[in-house]
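Q: Residue numbers (our numbering), protein chains in the order written: chain F, 1 to 112; chain H, 113 to 227.
Since the hints were derived computationally from the structure, they do not count as laboratory data. Heads up, the beta-carbon is just placed ideally off N, CA and C, and yes, glycines get one too. It cannot be assumed that every hint is accurate.
Residues of chain F placed beyond 12 Å of chain H at every Cβ, according to the derived structure [as the list claims (entries may be wrong)]:
1. V13
2. T58
3. K99
4. G105
Mimicking DSBU-like on lysine-lysine, the simulated pairs with C-alpha atoms at most 35 Å apart in a straight line are [to be verified]:
5. F/K104 / F/K68
6. F/K104 / H/K169
7. F/K42 / H/K129
8. H/K129 / F/K68
Here are some, though not all, of the chain F residues that point toward chain H, as calculated from beta-carbon distances under 10 Å [said to hold, decoys possible]:
9. A91
10. G103
11. K104
Residues per chain, in single letters:
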Amino acid sequence: KQEVTQIPAALSVPEGENLVLNCSFTDSAIYNLQWFRQDPGKGLTSLLLIQSSQREQTSGRLNASLDKSSGRSTLYIAASQPGDSATYLCAANRGSNYKLTFGKGTLLTVNP
Amino acid sequence: GAGVSQSPSNKVTEKGKDVELRCDPISGHTALYWYRQSLGQGLEFLIYFQGNSAPDKSGLPSDRFSAERTGGSVSTLTIQRTQQEDSAVYLCASSLYSVAGQPQHFGDGTRLSIL
Chain F
1 KQEVTQIPAA LSVPEGENLV LNCSFTDSAI YNLQWFRQDP GKGLTSLLLI QSSQREQTSG
61 RLNASLDKSS GRSTLYIAAS QPGDSATYLC AANRGSNYKL TFGKGTLLTV NP
Chain H
113 GAGVSQSPSN KVTEKGKDVE LRCDPISGHT ALYWYRQSLG QGLEFLIYFQ GNSAPDKSGL
173 PSDRFSAERT GGSVSTLTIQ RTQQEDSAVY LCASSLYSVA GQPQHFGDGT RLSIL
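One chain only, chain F, in its complex shape (with noise of 0.2 Å):
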C-alpha cells in the first residue's frame, strides 16, 4: 500500500526565502507525482506534475523533482512571497492507477 509522507507539517519563512518542501512514497512503482496548492477553505489547485519518466518540472518560480530511487520528491520555491502562503500537498499515483495518494501536507507561511 503506497504511503506519502510530507516534512516539515508546517513552515514559516521569511518574505525573499528560498524553500524545500519534501515528498516521500514507499512505492517506487509510481506513475506520477503530483503537487498540489491549497488555500484556507478552497480545493486544491495543481501546480506541477511530474510522470515517472522525468526528473522535474518547471512553472515560474517552482521547481518539483522527482527521484523513484529514494522514493522522495521536492518542491523548490524561489524567492518566497506572503501570497505562497497556503498548504502544499503531494500526491502519487501508483504504476497506471489514477487514485491519489495524498501526503497531509506542509503548512506554509511566508511571513512580510
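Mind docking chain H on chain F? Use the hints.
A: Showing chain H alone in chain F's frame:
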C-alpha cells in the same frame, strides 16, 4: 464550465439525516473522482467514475455512502443516516481521461458538519 463546481459549499445537518452533495465537472472531462478530507486522515479517495459507470468504489467507507453520475456530467454523492464521523470536506475532481498521466482538477469542496 470554467472549473469544477460543487454545491452546497457548506452543509450542517443533524445526525441521522440524509445528505446529497453535488459535483459539476469541467465540461468535456470524462473522469470524475470524489475524495474526503478530514483533520485526522488527510485526503482519502472515495469513488471514481468513467462516464456514468463507477469501476472503483473501493474507498466508500460504508454502505451508507453511494454516488451516481448521469449524462456523463453531474455527479451526486449521497450519505444516508449521517454520523458525526462523516463530518469532513468532500472534494470532487475531474480529468479529461481516466489515466494516471492526466492532472486532476479539484472543486472547492463541500464542508459537511454533522451535529
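Q: Sort out which numbered hints this structure fails and list those numbers smallest first.
A: Per hint list: 3, 4, 8 violated.
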